[in-house]
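Asker: Protein chains in written order, with the numbering used here: chain A, 1 to 293; chain B, 1 to 289.
Rather than coming from a laboratory, the hints here were simulated on the basis of the structure. Just so we're clear, the structure is a prediction, and the values are computed from it rather than from any experiment. Cβ coordinates follow ideal geometry from the N, Cα and C atoms, glycine included. You may find that some hints are simply not true.
Quick partial rundown of chain A residues pointing at chain B, CB under 10 Å, derived from the structure [what the hints assert, rightly or not]:
(1) 28
(2) 36
(3) 70
(4) 74
(5) 96
(6) 99
(7) 101
(8) 138
(9) 160
(10) 195
(11) 196
(12) 226
(13) 277
(14) 284
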Amino acid sequence: MSSSTATATTSEGLKLGPFRFKPLNLLLYIALSLVAVIQILPLVWLFLFSLKDNQEVFNLPPLALPGDPQWGNYARVWTEGNIGLYFFNSVLVTGSAVILTVLLASFVTFAITRMKWKLNKLVLGLFMVGLMIPVHSTIIPLFSFFSSVGLMDTHLSIILTYTAFNLPLTMMILLGFYYTIPRELEEAAIMDGCSVHRMFFRIILPITAPVVATTAIINMIYNWNEFIFVNTFLSSDRNKTLTVGIQNFIGQYSTDWGAIGATLVISMLPILIAFLLLSNRIVEGMTAGSVKG
Amino acid sequence: MSDKRVIALYTLPALLILLVLIYVPIVLTAYYGLMDWDGIGAMTFVGLENYTALLSDGMFWRSAYHSLLLALFSVGSLVLYLAISLILASNVKGANLFRKIYLIPMLLSSVAIAQLWLRIYHPTNGVMNRFLTSVGIENPPLWLSDTSIVLFAIFIPIIWQYAGFYIIIYYAALKNIPAELEEAAKIDGATPFQIAYKIKLPLIAGVMKVTVVLAVIGSLKYFDLIYVMTDGGPSGASEVMASYMYKLAFRTNDFGYGSAVGFFLLVLILIVTYLIRRATASKEDQVQY
Chain A
1 MSSSTATATT SEGLKLGPFR FKPLNLLLYI ALSLVAVIQI LPLVWLFLFS LKDNQEVFNL
61 PPLALPGDPQ WGNYARVWTE GNIGLYFFNS VLVTGSAVIL TVLLASFVTF AITRMKWKLN
121 KLVLGLFMVG LMIPVHSTII PLFSFFSSVG LMDTHLSIIL TYTAFNLPLT MMILLGFYYT
181 IPRELEEAAI MDGCSVHRMF FRIILPITAP VVATTAIINM IYNWNEFIFV NTFLSSDRNK
241 TLTVGIQNFI GQYSTDWGAI GATLVISMLP ILIAFLLLSN RIVEGMTAGS VKG
Chain B
1 MSDKRVIALY TLPALLILLV LIYVPIVLTA YYGLMDWDGI GAMTFVGLEN YTALLSDGMF
61 WRSAYHSLLL ALFSVGSLVL YLAISLILAS NVKGANLFRK IYLIPMLLSS VAIAQLWLRI
121 YHPTNGVMNR FLTSVGIENP PLWLSDTSIV LFAIFIPIIW QYAGFYIIIY YAALKNIPAE
181 LEEAAKIDGA TPFQIAYKIK LPLIAGVMKV TVVLAVIGSL KYFDLIYVMT DGGPSGASEV
241 MASYMYKLAF RTNDFGYGSA VGFFLLVLIL IVTYLIRRAT ASKEDQVQY
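With the hints as extra help, turn the sequences into a complete structure.
Answerer: The following block contains the structure:
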């Protein structure tokens with residue numbers, strides 16, 4: 001925005017005027033809109049067929065509105081397909097892992113950036129190298145480890161694994177923010193006789209709330225959608241999360257497109273709602289998480 | 001502050017989780033790779049046998065080739081993302097809305113995306129073929145069961161899924177360039193194309209490098225969509241390294257051989273990261289703006 005106003009004040013910008021660029025601008029808008037349509041159209045189609053019966057799915061044009069919206073598809077999969085239970089499990093696993101990850105990452109980031117000790121570079125390095133480790137190269141030992149300690153098919157195995165693999169990225173996003181906190185703040189608190197713990201919980205955590213929120217939502221998105229660990233570690237129906245649950249459900253109802261559509265929409269809903277409410281935060285977090293690497 | 005007890009208290013829980021659940025497993029993967037083991041029974045030490053077997057395993061090389069193709073395809077698509085970002089960052093009204101819309105597929109689970117695209121590609125009822133038949137193509141391709149096109153049919157949703165992610169990264173980098181540079185170039189009579197090519201792209205070279213690394217690494221370990229949509233099939237035509245490893249371990253219970261593939265994957269990713277970073281390390285990295 002600043003450059004467009006500035007351009008208008010230069011002689012060049014005035015000479016060219018708005019008209020000369022109009023056809024080009026229109027072309028650019030068409031290009032951008034086309035990409036937007038491509039990104040969104042499959043999801044619109046999904047929503048539409050989630051409200052149709054098979055008759056309509058196969059006979060109406062793909063993007064036609066359903067004649068009589070079958071909201072019953074949603075009620076049906078929620079009650080018949082265990083979706084409610086899977087949904088609850090997903091909330092439980094995702095929520096616990098997010099809280100654990102963000103809290104532990106805040107502790108470590110605080111110790112690394114605000115306290116003086118010899119090994120802090122090494123510890124930071126260990127976490128940052130963790131960013132590069134592919135989950136596939138750890139899954140076989142994790143499988144046998146959880147089997148041998150009796151954690152197979154438990155939510156705890158999933159929560160701990162998510163925490164381990166999300167700590168590096170979470171710390172990376174937190175680091176930038178922690179470096180900007182002025183030292184004086186801590187010194188003043190210490191002068192006033194504040195303990196380190198009190199300072200962390202009463203001063204540091206509240207100050208970092210915005211970036212903590214960003215990391216929490218990024219964590220939530222990754223955990224909610226994670227597939228390979230839940231698919232490998234969870235086997236009994238009552239423990240399954242949505243990602244593996246819908247996979248099973250769809251296997252059983254593979255011909256009922258309305259039910260499949262409704263299941264998929266339900267599984268996407270929490271993330272889409274979070275996105276509507278917090279999109280700036282999500283965009284920021286995703287950018288910070290990758291660019292600073 | 002340097003209270004050792006406090007430091008330990010704040011650092012050890014996370015460090016313990018990291019070591020036990022990431023670093024120890026990495027070491028164990030290397031160790032299991034030297035064993036003949038079905039995951040339950042006794043382990044037999046076989047030395048490098050699993051690794052030499054890899055060398056002559058046609059399916060492994062085929063899957064590695066597919067992973068490499070995906071990496072090339074992903075890096076190629078970065079050019080497209082960059083072009084879109086350049087447009088988006090050129091003071092377009094609604095840029096913020098556009099980039100949010102682009103990001104949506106990235107937020108959804110691979111399973112949901114895979115199930116959706118299975119239906120898009122459905123031979124008779126899918127959107128793709130209904131469109132093709134409606135415009136007069138009588139025998140549209142069987143996207144996921146034709147061995148000659150299945151791999152590319154799978155690449156499309158992967159590209160679709162990640163487009164927004166790269167676009168927001170490029171967009172953020174381009175927005176970080178001070179407006180004065182562009183203004184000065186405009187005064188000197190530079191065309192938008194020259195400004196993009198000579199000023200903007202060199203300035204975001206560091207970010208472009210990071211995205212290349214991310215795209216290559218992401219491709220080498222890609223798994224989810226392929227596992228759900230084709231499970232590597234038909235007859236291995238869409239098998240990639242990660243899906244092959246998963247099959248070896250959890251379908252055929254060949255934990256030793258699977259671990260060898262897993263360890264190979266890790267080493268490959270570390271080497272590739274190092275090589276790309278070294279090859280693209282240049283003066284541009286030191287540019288301050």
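Asker: With reference to the structure, classify each hint as holding or not holding.
Answerer: Evaluated hints:
Because the beta carbon of residue 28 of chain A sits about 5 Å from the nearest beta carbon in chain B, less than 10 Å, this interface hint is met. Restraint check, residue 36 of chain A versus chain B: the minimum CB separation of about 5 Å is within 10 Å; hint holds. The restraint placing residue 70 of chain A at the interface with chain B is violated, with a minimum CB-CB distance near 17 Å, outside the 10 Å limit. Taking 10 Å as the C-beta contact cut-off toward chain B, the hint placing residue 74 of chain A at the interface is violated, the least distance being around 15 Å.
Contact between residue 96 of chain A and chain B, as hinted, is not supported at the beta carbon level, the nearest pair being about 13 Å apart and thus beyond 10 Å. Here the hint on residue 99 of chain A is broken, as its CB sits about 13 Å from the closest CB of chain B, past 10 Å. With its C-beta approaching chain B no nearer than about 9 Å, residue 101 of chain A sits inside the 10 Å limit, and its interface hint holds. This hint holds: residue 138 of chain A has a C-beta 4 Å from the nearest C-beta of chain B, less than the 10 Å allowed.
This hint holds: residue 160 of chain A has a C-beta 6 Å from the nearest C-beta of chain B, less than the 10 Å allowed. Residue-level restraint check for residue 195 of chain A holds (minimum Cβ-Cβ distance to chain B is 9 Å; threshold 10 Å). Interface restraint check: residue 196 of chain A against chain B, minimum CB-CB distance 5 Å, threshold 10 Å, status holds. Restraint check, residue 226 of chain A versus chain B: the minimum CB separation of about 8 Å is within 10 Å; hint holds.
Of the supplied interface hints, the one on residue 277 of chain A is violated, with its beta-carbon coming no nearer than about 12 Å to a beta-carbon of chain B, more than 10 Å. Interface restraint check for residue 284 of chain A: the shortest CB-CB distance to chain B comes to about 9 Å, inside 10 Å, so the restraint holds.
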